[in-house]
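Protein chains in written order, with the numbering used here: chain A, 12 to 73; chain B, 275 to 769.
Note that these hints are calculated values from the structure, not bench results.
Hints should not be assumed to be uniformly reliable.
As the list claims (entries may be wrong) - 20 Å max Cα-Cα, derived PhoX-like pairs, lysine-lysine:
#  : chain 1 : residue 1 : chain 2 : residue 2
1  : A       : Lys17     : B       : Lys307
2  : B       : Lys457    : A       : Lys13
3  : B       : Lys681    : B       : Lys364
4  : B       : Lys451    : A       : Lys64
5  : A       : Lys42     : A       : Lys13
6  : A       : Lys64     : B       : Lys457
7  : A       : Lys64     : B       : Lys302
8  : B       : Lys307    : A       : Lys64
9  : B       : Lys493    : A       : Lys36
10 : B       : Lys457    : A       : Lys17
To be verified - Which bits of chain A does chain B cover? Going by a derived footprint, with three or more residues having C-beta under 8 Å, they are:
#  : segment
11 : 29-37
12 : 42-56
Please read these numbers as outputs of a predicted model, since none were measured by experiment.
For every residue, glycine included, the Cβ atom is placed at its ideal position computed from N, Cα and C.
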Amino acid sequence: MKRILKIISYLGLVLTIVPSLFVFKGVFDIKVHYYLMIVGMVLWFGTAPFYMKSKSLNEKEQ
Amino acid sequence: MSTGHKSSLIERLDALYEYEREPVTRDKLHGWKTFIAMFSGEHIAGTEFVLGPLMVMHGVSARDFFLGLLVGNFLAVLSWALLCAPVGVKTRLTIYWQLRRICGPYLTIAYSAFYAIILCLLAGAMVNVAVTAVSIPFNIPNPDFAAGEVIPTVPWMLLAVIVGAVIAALAVLGFEKIAHFSKICAPWMVLVFFAGAIAVLADIGCSSIGDFWRVANEKIFTGVPAGLNSKYTFWHVMGFAWLCNATQHIGMADITIFRYAKKWTQGFASAFGMYLGHYGAWVCSGILCAAYLAAGNANPQPGNIALFGAGFAGAVCVVIAGWTTANPTLYRAGLAIQVATPNWKRWKVTFAAGVFMIMTACIPAVNANLDRIVGYYGLFFMPLGAFIFIDIWVFPKLGLISDYAQKARLMISWPATFAWIGAFLFSVFIYGKDHYGWLSRLLEGKQPAWLANIKADLLFLVAPEWIVAVTLYTIFSAIQQKTANTRIQSQEVGQ
Numbered sequence: 012m013k014r015i016l017k018i019i020s021y022l023g024l025v026l027t028i029v030p031s032l033f034v035f036k037g038v039f040d041i042k043v044h045y046y047l048m049i050v051g052m053v054l055w056f057g058t059a060p061f062y063m064k065s066k067s068l069n070e071k072e073q
Numbered sequence: 275m276s277t278g279h280k281s282s283l284i285e286r287l288d289a290l291y292e293y294e295r296e297p298v299t300r301d302k303l304h305g306w307k308t309f310i311a312m313f314s315g316e317h318i319a320g321t322e323f324v325l326g327p328l329m330v331m332h333g334v335s336a337r338d339f340f341l342g343l344l345v346g347n348f349l350a351v352l353s354w355a356l357l358c359a360p361v362g363v364k365t366r367l368t369i370y371w372q373l374r375r376i377c378g379p380y381l382t383i384a385y386s387a388f389y390a391i392i393l394c395l396l397a398g399a400m401v402n403v404a405v406t407a408v409s410i411p412f413n414i415p416n417p418d419f420a421a422g423e424v425i426p427t428v429p430w431m432l433l434a435v436i437v438g439a440v441i442a443a444l445a446v447l448g449f450e451k452i453a454h455f456s457k458i459c460a461p462w463m464v465l466v467f468f469a470g471a472i473a474v475l476a477d478i479g480c481s482s483i484g485d486f487w488r489v490a491n492e493k494i495f496t497g498v499p500a501g502l503n504s505k506y507t508f509w510h511v512m513g514f515a516w517l518c519n520a521t522q523h524i525g526m527a528d529i530t531i532f533r534y535a536k537k538w539t540q541g542f543a544s545a546f547g548m549y550l551g552h553y554g555a556w557v558c559s560g561i562l563c564a565a566y567l568a569a570g571n572a573n574p575q576p577g578n579i580a581l582f583g584a585g586f587a588g589a590v591c592v593v594i595a596g597w598t599t600a601n602p603t604l605y606r607a608g609l610a611i612q613v614a615t616p617n618w619k620r621w622k623v624t625f626a627a628g629v630f631m632i633m634t635a636c637i638p639a640v641n642a643n644l645d646r647i648v649g650y651y652g653l654f655f656m657p658l659g660a661f662i663f664i665d666i667w668v669f670p671k672l673g674l675i676s677d678y679a680q681k682a683r684l685m686i687s688w689p690a691t692f693a694w695i696g697a698f699l700f701s702v703f704i705y706g707k708d709h710y711g712w713l714s715r716l717l718e719g720k721q722p723a724w725l726a727n728i729k730a731d732l733l734f735l736v737a738p739e740w741i742v743a744v745t746l747y748t749i750f751s752a753i754q755q756k757t758a759n760t761r762i763q764s765q766e767v768g769q
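With the hints as constraints, model all of the structure from the sequences given.
Have a look at this one:
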């Protein structure tokens with residue numbers, strides 16, 4: 012399950028950055044980039060919080 | 275010597291930090307991963323959307339910008355790694371307890387009070403950043419300080435109150451969960467900065483990677499200041515990148531964090547925060563600002579430029595970046611203010627800090643002059659870090675006693691007090707003699723040639739102030755300890 016969540020979240024990051032390269036190359040219109048970034052954002056925030064651990068300094072590192 | 279009121283103030287302050295009084299034990303130490311994650315998350319903040327554009331507006335050239343950031347951030351990393359982390363690892367104490375040993379409780383209270391004020395101001399700047407994005411769907415224009423709008427419209431201020439109140443409420447509930455959320459946001463936020471910048475490059479005539487340097491020189495970092503802004507050079511950019519977090523590294527506030535490090539070399543983890551946030555993100559927000567202006571828009575506010583480059587996701591990024599950094603900042607401000615308000619509950623204190631934060635958010639001049647404010651803030655707190663460094667590493671070699679205030683049971687260390695005031699006033703004077711009208715008039719025709727020839731900006735004064743601070747502190751401490759020894763010896767002879 013964790014692996015699937017990770018794959019989806021990484022896909023979210025890919026959708027955040029890669030479309031901008033296509034806009035730069037003139038393949039995509041900037042509006043497509045806007046929409047894909049929203050999809051990327053939803054994928055990232057829909058999955059990353061479920062597997063990303065965050066230790067405070069008061070907790071011991073494993 | 276001290277009144278009941280004063281001593282109870284110190285007791286309250288001690289009680290507030292009681293849980294962190296003891297040095298960190300070995301089983302609580304953290305490795306590189308924690309520090310890399312922490313620095314990467316903390317230095318990709320809402321204010322990065324302000325500082326990159328500020329450099330563009332100050333007409334810095336491409337060469338000066340890229341080189342200045344490279345060197346300035348390198349100096350910041352070295353300051354964390356060679357000055358701050360070794361102290362944190364050696365003493366394993368928080369900045370509060372370390373200052374208390376060296377400067378005495380009264381000066382530590384002063385430090386806390388001033389720190390609370392500046393934290394509220396910075397939290398306000400972050401709320402301001404968030405509101406510039408929240409205002410967009412409501413069609414509420416962001417205040418244009420450059421065009422003379424010194425006060426936002428009433429609807430904009432209402433939004434600031436709502437956003438600020440939410441942040442204050444969350445800070446009351448505790449900032450651990452928000453801090454966790456901000457770490458989750460960090461990888462995504464970095465990519466939003468980069469994606470927005472890459473997407474708009476074509477708009478300003480950059481069609482290939484080989485074109486970038488030409489476009490950077492001609493369209494982004496043109497070397498021509500906008501409006502009445504002063505001209506920034508390599509030295510301004512380098513000085514600012516170094517000074518930007520001076521309170522944390524050279525000012526030693528981050529020993530509180532590095533007391534959890536296994537080795538002092540973990541100070542180099544700060545490079546991730548500096549080169550992702552204070553290099554990459556500043557370059558990207560500078561590009562976004564230039565493209566936004568080139569498209570015929572005015573008033574490049576964080577929300578507008580992010581929306582322009584990254585659409586809705588960009589606007590969300592600005593809100594999250596402002597919110598996740600304002601929240602812990604406000605929490606820490608509340609902690610510091612609690613010293614002066616002993617009978618207030620934590621929620622009252624945090625809301626009081628929140629009111630100050632919201633007022634600050636409604637002053638567009640704060641973000642328009644954020645580089646200056648951050649500069650003063652860094653120079654103000656930096657001397658105390660210099661004292662800690664000298665006290666721990668150099669005093670034993672000079673035959674002077676370290677932690678003298680604690681060992682002599684002093685309520686206040688006069689060498690630290692006068693050296694702190696003296697070092698900061700030195701910087702204010704060197705900068706002010708050419709930049710404050712009243713001081714320039716006062717000194718007109720009275721300066722010796724060598725002094726008149728020194729034309730230093732505030733951002734150039736990190737190293738000179740550090741040298742002045744340690745020199746004054748060492749001389750004053752030597753006088754203090756020699757006088758005290760002489761007094762003790764003469765008392766012994768008298769007996």
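Hint check results:
{"no.": "1", "hint": "A/Lys17 with B/Lys307", "result": "19 Å, holds"}
{"no.": "2", "hint": "B/Lys457 with A/Lys13", "result": "18 Å, holds"}
{"no.": "3", "hint": "B/Lys681 with B/Lys364", "result": "19 Å, holds"}
{"no.": "4", "hint": "B/Lys451 with A/Lys64", "result": "11 Å, holds"}
{"no.": "5", "hint": "A/Lys42 with A/Lys13", "result": "32 Å, violated"}
{"no.": "6", "hint": "A/Lys64 with B/Lys457", "result": "9 Å, holds"}
{"no.": "7", "hint": "A/Lys64 with B/Lys302", "result": "17 Å, holds"}
{"no.": "8", "hint": "B/Lys307 with A/Lys64", "result": "12 Å, holds"}
{"no.": "9", "hint": "B/Lys493 with A/Lys36", "result": "19 Å, holds"}
{"no.": "10", "hint": "B/Lys457 with A/Lys17", "result": "16 Å, holds"}
{"no.": "11", "hint": "29-37", "result": "holds (count 6)"}
{"no.": "12", "hint": "42-56", "result": "holds (count 10)"}
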